Amino acid sequence: MNDMIKLLVLESIEEINKDSQIEELYSPSFDTNFFDLVDSLAVLNFILDIEQRLEGHFGRYIQIANEDVMDASKTPFRTVKDIVEFITRTVESEG
Amino acid sequence: MAKICFNRAQISAIATTVGDRKLSIDDEKEKFHFDDNSLRRLKKTIGLDSRYVVSEGICTSDLCYQSAIDIFRQLDIDCNDVEALLFVTQSPDYRAPSTAIIMQDRLGLSVDTLAYDINLGCSGFVYGLFTAFSFIQSGLKKVLLLVGDVASSLTGKSDKTLAPLMGDAGSAILIDRVEHQRSYFVMHSDGSGCQHLIIPGGGCRKPYRRSVVVEDRGSEDADLRSDMDMYMNGGEIFNFSIKVVPKLFQELFEFTGVTEKEIDYFVLHQPNKYILQNIAKRLGISEEKMPSKTASVFGNQNSASITGTINGFLHEKFSDHELKNVFVGFGIGLSWGACYVETNAIYAPEVMMFDGR
Chain S
1 MNDMIKLLVL
11 ESIEEINKDS
21 QIEELYSPSF
31 DTNFFDLVDS
41 LAVLNFILDI
51 EQRLEGHFGR
61 YIQIANEDVM
71 DASKTPFRTV
81 KDIVEFITRT
91 VESEG
Chain C
1 MAKICFNRAQ
11 ISAIATTVGD
21 RKLSIDDEKE
31 KFHFDDNSLR
41 RLKKTIGLDS
51 RYVVSEGICT
61 SDLCYQSAID
71 IFRQLDIDCN
81 DVEALLFVTQ
91 SPDYRAPSTA
101 IIMQDRLGLS
111 VDTLAYDINL
121 GCSGFVYGLF
131 TAFSFIQSGL
141 KKVLLLVGDV
151 ASSLTGKSDK
161 TLAPLMGDAG
171 SAILIDRVEH
181 QRSYFVMHSD
191 GSGCQHLIIP
201 GGGCRKPYRR
211 SVVVEDRGSE
221 DADLRSDMDM
231 YMNGGEIFNF
241 SIKVVPKLFQ
251 ELFEFTGVTE
261 KEIDYFVLHQ
271 PNKYILQNIA
281 KRLGISEEKM
291 PSKTASVFGN
301 QNSASITGTI
311 NGFLHEKFSD
321 HELKNVFVGF
331 GIGLSWGACY
341 VETNAIYAPE
351 VMMFDGR
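Which chain is which? The protein sequence lines are S and C, in order.
Position 10 of the first sequence, counted from 1, bears residue number 10 in the working numbering, the numbering being contiguous throughout.
Position 171 of the second sequence, counted from 1, bears residue number 171 in the working numbering, the numbering being contiguous throughout.
Source of the hints: derived by calculation from the structure; they are not laboratory data.
Don't take each hint at face value.
To be verified - Okay, derived cross-link-like pairs now, DSS-like style, lysine-lysine, Cα gap no bigger than 30 Å in a straight line:
no., chain 1, residue 1, chain 2, residue 2
1, S, 18, C, 293
2, C, 29, S, 18
3, C, 281, S, 18
4, C, 22, C, 3
5, C, 142, C, 324
6, C, 44, S, 74
7, S, 74, C, 160
8, S, 6, C, 44
9, C, 243, S, 6
Just so it is clear, the structure is predicted and the values come from calculations on it, not from any experiment.
Produce the entire structure from the sequences given, and follow the hints as far as they go.
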């Protein structure tokens with residue numbers, strides 16, 4: 001599960017970076033600080049894209065956006081590792 | 001939590017007038033210094049496409065006037081029968097007096113009319129409707145509610161974070177006393193978030209001075225916005241919307257005992273496509289029952305966005321059918337509210353463009 005979600009997250013980052021064109025996001029590591037590198041619109045685009053990929057993979061809508069996504073102190077979308085872990089937990093909690 | 005139920009008020013008519021100038025985001029690309037990538041992202045995520053704004057000198061009251069006169073003429077309303085006039089706006093004609101009082105005279109209403117303004121934005125239609133229904137419940141027979149903003153006047157002209165989103169609209173809503181018609185309202189306010197969506201200048205905290213504008217224009221985002229213009233922390237407002245709106249639905253369903261399946265239309269304030277589609281998805285509501293295109297076609301119409309959606313996309317349904325509706329407003333304040341209201345083949349014409357009346 002974790003590897004598959006990591007793959008989807010990296011695909012989403014690659015997709016949104018076609019617009020953002022941020023050097024550090026061309027080959028992101030687990031520790032790459034995604035949230036601080038992009039603007040709020042890119043975060044929204046990422047959520048939109050990853051939700052579509054998850055829906056395509058699992059066959060159902062899985063809600064990723066929550067009230068903390070844009071909160072710099074609480075966002076679960078800080079590093080790539082944070083994102084993968086958050087989405088894994090969310091998918092598992094939704095059965 | 002403020003939860004209120006009424007049983008004597010009914011909406012009889014809703015009409016909306018939008019600005020006389022249609023602007024396309026493609027045509028505004030240079031003005032806002034969007035590159036191709038940025039523009040593509042905004043179109044895809046936020047749904048930016050077009051918006052309607054007024055020509056210089058046209059006020060919210062002018063748009064509302066056209067909407068109200070249309071209702072009066074089409075329903076053959078005797079102006080002397082209107083006992084209260086409420087005007088919900090953040091863009092009044094003057095700082096004082098209330099524009100509602102000026103509109104009493106302009107619309108030819110009796111001097112016996114109760115009239116005042118309510119300063120609210122995106123939650124304003126629900127709050128205005130609540131106040132109008134309260135008057136009816138208290139004994140009045142006919143109330144005219146005007147809602148709207150010349151929202152394009154509230155932002156910095158070149159502020160690309162807000163200006164391209166805004167559309168101008170003014171609605172009129174006629175509310176009548178009937179024998180029995182139940183409606184339910186749930187309302188909230190949280191001033192701790194006021195700084196996230198605010199026009200800081202022009203009040204007593206930061207009175208208008210020419211230098212306020214000039215000084216701000218020297219700072220980094222200056223070229224975009226002064227303290228006399230609206231500021232929005234988009235991330236915080238997104239978080240707020242995602243947090244409060246789904247809960248609001250739950251509260252309203254519990255209060256009314258009505259289920260999602262029984263509702264014909266969920267008409268929400270229309271900030272942008274992304275927020276609405278996200279809310280619809282997490283609540284499992286289809287796009288047919290929760291329209292989300294208003295901001296893409298007309299712009300964000302603030303307090304007139306719910307009525308603008310009805311006249312813009314649902315006018316035939318509201319004109320021809322008995323409907324069970326949920327209206328939801330949320331935004332500046334922070335302020336949010338929802339109501340369950342049934343309508344019965346009301347007068348709801350297609351959106352009008354301002355024609356200079």
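Which numbered hints turn out to be false for this structure? 4
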